[in-house]
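4 protein chains.
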Amino acid sequence: MIPAFEPRDPDFEVRVRESLARQGLLATFAAELRSVRPGAVDIEVPYSPALTQQDGFFHAGVTIAILDSACGYAALTLMKPDMRVLTVELKVNLLAPAVGDSLHAHGEVLRPGRNLTVCRGDAYAISDGGSKHVATILATMTGIAELNDG
Amino acid sequence: MIPAFEPRDPDFEVRVRESLARQGLLATFAAELRSVRPGAVDIEVPYSPALTQQDGFFHAGVTIAILDSACGYAALTLMKPDMRVLTVELKVNLLAPAVGDSLHAHGEVLRPGRNLTVCRGDAYAISDGGSKHVATILATMTGIAELNDG
Amino acid sequence: MIPAFEPRDPDFEVRVRESLARQGLLATFAAELRSVRPGAVDIEVPYSPALTQQDGFFHAGVTIAILDSACGYAALTLMKPDMRVLTVELKVNLLAPAVGDSLHAHGEVLRPGRNLTVCRGDAYAISDGGSKHVATILATMTGIAELNDG
Amino acid sequence: MIPAFEPRDPDFEVRVRESLARQGLLATFAAELRSVRPGAVDIEVPYSPALTQQDGFFHAGVTIAILDSACGYAALTLMKPDMRVLTVELKVNLLAPAVGDSLHAHGEVLRPGRNLTVCRGDAYAISDGGSKHVATILATMTGIAELNDG
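Residue numbers (the working numbering), protein chains in the order written: chain C, 1 to 150; chain R, 151 to 300; chain X, 301 to 450; chain L, 451 to 600.
Simulated from the structure, these hints should not be mistaken for lab results.
Among the hints, a few may not be true.
[What the hints assert, rightly or not] Here are the computed lysine to aspartate or glutamate pairs in the EDC-like style, where the Cα-Cα straight-line distance is at most 20 Å:
| hint | chain 1 | residue 1 | chain 2 | residue 2 |
| --- | --- | --- | --- | --- |
| 1 | L | 530 | X | 355 |
| 2 | R | 230 | C | 55 |
| 3 | C | 80 | R | 205 |
| 4 | X | 380 | L | 505 |
| 5 | C | 80 | C | 18 |
| 6 | L | 530 | L | 468 |
| 7 | X | 432 | X | 401 |
| 8 | L | 582 | L | 505 |
| 9 | R | 282 | R | 205 |
| 10 | X | 432 | X | 422 |
| 11 | R | 230 | R | 159 |
| 12 | C | 132 | C | 55 |
[Unchecked claim] Computed far set for chain C versus chain L, every beta-carbon distance over 10 Å:
| hint | residue |
| --- | --- |
| 13 | 44 |
| 14 | 124 |
| 15 | 126 |
| 16 | 130 |
| 17 | 145 |
| 18 | 146 |
Every residue, glycine too, gets a C-beta built ideally from N, C-alpha and C.
Given only the sequences and the hints, what does the whole structure look like? Please build it.
Structure follows, in structure tokens:
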């Protein structure tokens, strides 16, 4: 279903990994990159009571945060080396309670663009019993020139 | 702008406070309820490096999580005592980087309904220099009968 | 990709066709049903200057209207005989100008539910040169008991 | 609530009126501009059986089309003279059936930007009995350089 995308930066995976490593929130979530391909990124978060809503399930805020990150990084894999990615907007439908041992978010590029990249993604709660589709996202990302910190 | 809503449960504030206290994620965020009125809830989160994206600002996941909670609890204030609230879907526009000493989310009911309650809200980054509008949300909430834990 | 859905009403196609035939707007658009299957509906609209935006392309309002209808009817195919469908909310990304001889909307059920059905869909502009993906939708539908007109 | 915006083109109203006059769909709807101010536009559509859904109410496609146009033109009022406006994405909650003698859409700019303008709006069904809030929209608009047709 995903068209084959040609990355403009051969080091796209390094860039994604370095950016994610700087995210305090994803460290708080113990989030891990599971896959980084051109136009598609997967992120996983293990269950923790620190990440729950009032019934002990994963909080929708966790689901949406990693869906947003998976989509944003999927967009970043196709950007030029000197760009960073910002979320313009996103919309999410929550399909089922996120009950499981871990939460898996997949994000992919639907339409790359010069200024705007449209992404979509899905989140799954993973447990012994298998995988349950818990959320779907549609998001608009933009690239801006990386600030030179030097 | 907000119509005056009549709560169906006089203890609506207790219910919101007890539910929020059970949320592991909001404790992780050190989130605090600032205001609970019929149809409107305010939540605040102090800045922490544990809540950042790659540039050191508040992560959009934090902004969206507390906007979602503010909207959900705004809906809950108008529900019957035996109901709890679930997010059906939400959509957010991110308007500016969330740079500040704290993040403030306001959620309010736009249209209460028997099955579905539509809410909207706004998030602000607060610093010495004042308050900056960083995000706006539109969300659909539903109420379901509270599980009897006894 | 679409799970096989079992319709609860064997006459689901008749119901969709009769409902669509009562829609004044879809007649104004000269819209035609191209396919009605359990959980998936396709609608097509031929180009007309009466349906354009300021540059002579299909107006986004046409694209969104038939995406909404395709999704709504996809949801209706899985509902009980005495139900009709209402759109709770929808969100659309417009991916490219809708230039073509006709506009094709596909809607499908992502998750059927007792009260709420989540659908997604895509629109394509069709011309001699082929098919171009012009929009994608994510929508929430609800079913309500049919009014007895008798 | 709306901040006072300073238009960059003193002829913003002429531009909006000329653009709307070129829209085939809005002519089909017999839509009329009710108000054009910097950052805010109102559009009205009289009831017609040609614009209905299956129950004889205004079709959601009409509501969304004029909300989209009101928001897009609100964004256009703040753009430079040589720009035209495109909808990037939109999301709408439908709050009540659109039953009335006319449908009124108000769109306003929430945050103008160099590349992207975020708008919101509301639609009302107008009848003898008064005005009913039937839909709310949140939308992202972009400006692109006007094509020279000469």
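Now the hints, each set against the structure:
no., hint, in the structure
1, L/530 to X/355, "holds, 18 Å"
2, R/230 to C/55, "holds, 18 Å"
3, C/80 to R/205, "holds, 18 Å"
4, X/380 to L/505, "holds, 18 Å"
5, C/80 to C/18, "holds, 15 Å"
6, L/530 to L/468, "holds, 15 Å"
7, X/432 to X/401, "holds, 11 Å"
8, L/582 to L/505, "holds, 18 Å"
9, R/282 to R/205, "holds, 18 Å"
10, X/432 to X/422, "holds, 10 Å"
11, R/230 to R/159, "holds, 6 Å"
12, C/132 to C/55, "holds, 18 Å"
13, 44, "holds, 28 Å"
14, 124, "holds, 24 Å"
15, 126, "holds, 29 Å"
16, 130, "holds, 32 Å"
17, 145, "holds, 13 Å"
18, 146, "holds, 17 Å"
Every hint from the earlier list agrees with this structure, and none is contradicted.
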